[in-house]
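Participant: Listed in order, the protein sequences are those of chains F and B. Sequential numbering of the first sequence, starting at 391, is according to the working numbering. Sequential numbering of the second sequence, starting at 391, is according to the working numbering.
Rather than coming from a laboratory, the hints here were simulated on the basis of the structure. Relax, there's no trap hidden among the hints.
Copies of the same chain are indistinguishable here, so a pair counts whether it falls within one copy or spans any two.
Simulated pairs of lysine-lysine, DSS-like, Cα-Cα distance not exceeding 27 angstroms:
{"#": "1", "residue 1": "K627", "residue 2": "K669"}
{"#": "2", "residue 1": "K412", "residue 2": "K453"}
{"#": "3", "residue 1": "K698", "residue 2": "K669"}
{"#": "4", "residue 1": "K706", "residue 2": "K669"}
{"#": "5", "residue 1": "K705", "residue 2": "K724"}
{"#": "6", "residue 1": "K687", "residue 2": "K698"}
{"#": "7", "residue 1": "K607", "residue 2": "K634"}
{"#": "8", "residue 1": "K697", "residue 2": "K675"}
Number of protein chains: 2
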Amino acid sequence: MFIENSGNIRKSRKPTSDELIKGIRSGDQTALARAITLVESTRPEDRELAHLILQRTADNSRKSVRIGITGVPGVGKSTFIEAFGGMLTARGEKVAVLAVDPTSTLSKGSILGDKTRMVTLVNDPNAYIRPSASGANLGGVARSTRETIALCEAAGYGIILVETVGVGQSETTVHGMVDFFLLLKLAGAGDELQGIKRGIMEMADSIVINKADGENKAAAKQAMQEFRRALHLYPPKENGWTPKVLSCSSLEKEGIEEIWQVINEYVRDTRASGSFDRKRERQNKNWFLTALESRLKEHFYNHPRTKKAMNELLKKVEQGVISPFQAANELMEKVSGILK
Amino acid sequence: MFIENSGNIRKSRKPTSDELIKGIRSGDQTALARAITLVESTRPEDRELAHLILQRTADNSRKSVRIGITGVPGVGKSTFIEAFGGMLTARGEKVAVLAVDPTSTLSKGSILGDKTRMVTLVNDPNAYIRPSASGANLGGVARSTRETIALCEAAGYGIILVETVGVGQSETTVHGMVDFFLLLKLAGAGDELQGIKRGIMEMADSIVINKADGENKAAAKQAMQEFRRALHLYPPKENGWTPKVLSCSSLEKEGIEEIWQVINEYVRDTRASGSFDRKRERQNKNWFLTALESRLKEHFYNHPRTKKAMNELLKKVEQGVISPFQAANELMEKVSGILK
Numbered sequence: 391m392f393i394e395n396s397g398n399i400r401k402s403r404k405p406t407s408d409e410l411i412k413g414i415r416s417g418d419q420t421a422l423a424r425a426i427t428l429v430e431s432t433r434p435e436d437r438e439l440a441h442l443i444l445q446r447t448a449d450n451s452r453k454s455v456r457i458g459i460t461g462v463p464g465v466g467k468s469t470f471i472e473a474f475g476g477m478l479t480a481r482g483e484k485v486a487v488l489a490v491d492p493t494s495t496l497s498k499g500s501i502l503g504d505k506t507r508m509v510t511l512v513n514d515p516n517a518y519i520r521p522s523a524s525g526a527n528l529g530g531v532a533r534s535t536r537e538t539i540a541l542c543e544a545a546g547y548g549i550i551l552v553e554t555v556g557v558g559q560s561e562t563t564v565h566g567m568v569d570f571f572l573l574l575k576l577a578g579a580g581d582e583l584q585g586i587k588r589g590i591m592e593m594a595d596s597i598v599i600n601k602a603d604g605e606n607k608a609a610a611k612q613a614m615q616e617f618r619r620a621l622h623l624y625p626p627k628e629n630g631w632t633p634k635v636l637s638c639s640s641l642e643k644e645g646i647e648e649i650w651q652v653i654n655e656y657v658r659d660t661r662a663s664g665s666f667d668r669k670r671e672r673q674n675k676n677w678f679l680t681a682l683e684s685r686l687k688e689h690f691y692n693h694p695r696t697k698k699a700m701n702e703l704l705k706k707v708e709q710g711v712i713s714p715f716q717a718a719n720e721l722m723e724k725v726s727g728i729l730k
Numbered sequence: 391m392f393i394e395n396s397g398n399i400r401k402s403r404k405p406t407s408d409e410l411i412k413g414i415r416s417g418d419q420t421a422l423a424r425a426i427t428l429v430e431s432t433r434p435e436d437r438e439l440a441h442l443i444l445q446r447t448a449d450n451s452r453k454s455v456r457i458g459i460t461g462v463p464g465v466g467k468s469t470f471i472e473a474f475g476g477m478l479t480a481r482g483e484k485v486a487v488l489a490v491d492p493t494s495t496l497s498k499g500s501i502l503g504d505k506t507r508m509v510t511l512v513n514d515p516n517a518y519i520r521p522s523a524s525g526a527n528l529g530g531v532a533r534s535t536r537e538t539i540a541l542c543e544a545a546g547y548g549i550i551l552v553e554t555v556g557v558g559q560s561e562t563t564v565h566g567m568v569d570f571f572l573l574l575k576l577a578g579a580g581d582e583l584q585g586i587k588r589g590i591m592e593m594a595d596s597i598v599i600n601k602a603d604g605e606n607k608a609a610a611k612q613a614m615q616e617f618r619r620a621l622h623l624y625p626p627k628e629n630g631w632t633p634k635v636l637s638c639s640s641l642e643k644e645g646i647e648e649i650w651q652v653i654n655e656y657v658r659d660t661r662a663s664g665s666f667d668r669k670r671e672r673q674n675k676n677w678f679l680t681a682l683e684s685r686l687k688e689h690f691y692n693h694p695r696t697k698k699a700m701n702e703l704l705k706k707v708e709q710g711v712i713s714p715f716q717a718a719n720e721l722m723e724k725v726s727g728i729l730k
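Given only the sequences and the hints, what does the whole structure look like? Please build it.
Facilitator: Structure below.
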């Protein structure tokens, strides 16, 4: 169980980076939580510390399995993760559950915000649940989630579940940070294929019809057939994987093991063919470039000389004394000491 | 009429920045076209020249009127712009027509690409038509369009029409660079309010039912009523403007003058209340910040030391020797001479 002020690091004192790094490596959830808070922060001194911790805890083994989970609100993502995560920890796995939810500022945490929906998993010593960072745009949330994945892996979590809700580009973002992408669907809503963004169907490595219990069982079976037919319309995946359509009842914990078997099959196949590694390589390159860009901006905008010049020029632009392009020129010249 | 190799500047020789600046100021379309090509380029030496030209031609008078025009494919944007632009030049106005179309790479210029659809306007000495820059993402197209607006204004174009098609975020982008936003719609398609993104209706300062001619006239009248009712559901605009619903026939050139009257009314009202200027101020601040960011990235990524370090680190990241975050750290340290 994760309680903020338990563990070796007390809330009263700011832990050093050495303490945090040691804590993360030994799997201490309090140290992990503290480090993630640094990663989510935009304060320059916190970012510096975060960079140092990420530098020194890096785990480049690629042993973990990162699974993206998406689906519209009401599809039962929390209940599914509760059942799926519980099954995994019962098998001896350590599971981290993260979320990419750029709407959480507005909706006060529409996903994972209410941990009480995952009662068992929250109290499971082998599970670590972290809601989405709030107050940031998708780019910011994506950056901190990528860094959080790295920290969780360093803390020994072998399975990372990244939950997202179908808002804007968030699925594409999550797809770009996971090995396996799982789309949760409901049956019995009448028009099964209605309202699915084409892009999301194409991204899915597996479609799982949730709530296949009681009266829904027959409808779930029919929905599975329809999705299988629909998936035939798409070109085959580059890595040779044929997306699997499954059903489960998160409530009655039926079909959950089968999903894990499919994911295992995927991981085994793609590791053997090398496409698992190639995907990670592509993602790593992309992570590097986005991390670099955010580092560059942090460095530039946090510099006192930039701040001073920026304030003056914003006023001039507002008053219409100079054009936006003139102001950009002037600023680049004024801070030429920062940029050589 | 605009012919690439007419005017004072010949294709055979690269014009100097002084020649281009002089040419733009005197309204020479060849000089303008050359400068826009520099603005659209990503080559460092072209960008340097573009910055210099933008610096020295800046017109901060805010006398121009920038009008965004959007609508689904088939609504008749080209025909409308042909009729609307022709009416404006007949009144002695100088009109520039630009496009924001991030899909043009794929579709080879779905809008404005085929200038033959605007036969009269293309041959009008007081009109300048420039298709969307191709080969760039929305951010890149937006940047070059903003800079192109500034160049056209410096060349004496008092009315800037920015056409866009409803793809992704392009309307929002165009809305952020114009004074007045016009949404073209069709009537008689049965379910009038179907398929309109809510955000776009809210952005519109006027909705114009196009193709209100022949058998369509009655349907257009009905559509106008429906849109008026729909617009009542939205909260009033901050600047006090009530969006107007109009109809026109671009083919028969009916109702075109009325649209211009509405825009004039809008410009008069908002200039009197100060909200015209406030909108420009907000936009200018935003243009400044985005211009600055692209300048910063250009400077950083084009630097030889960055390029060298980048290549080495990309390889290490790919091989999994170091993590993406370690690589970002290392690069920032290696190029610390560029960033002080």
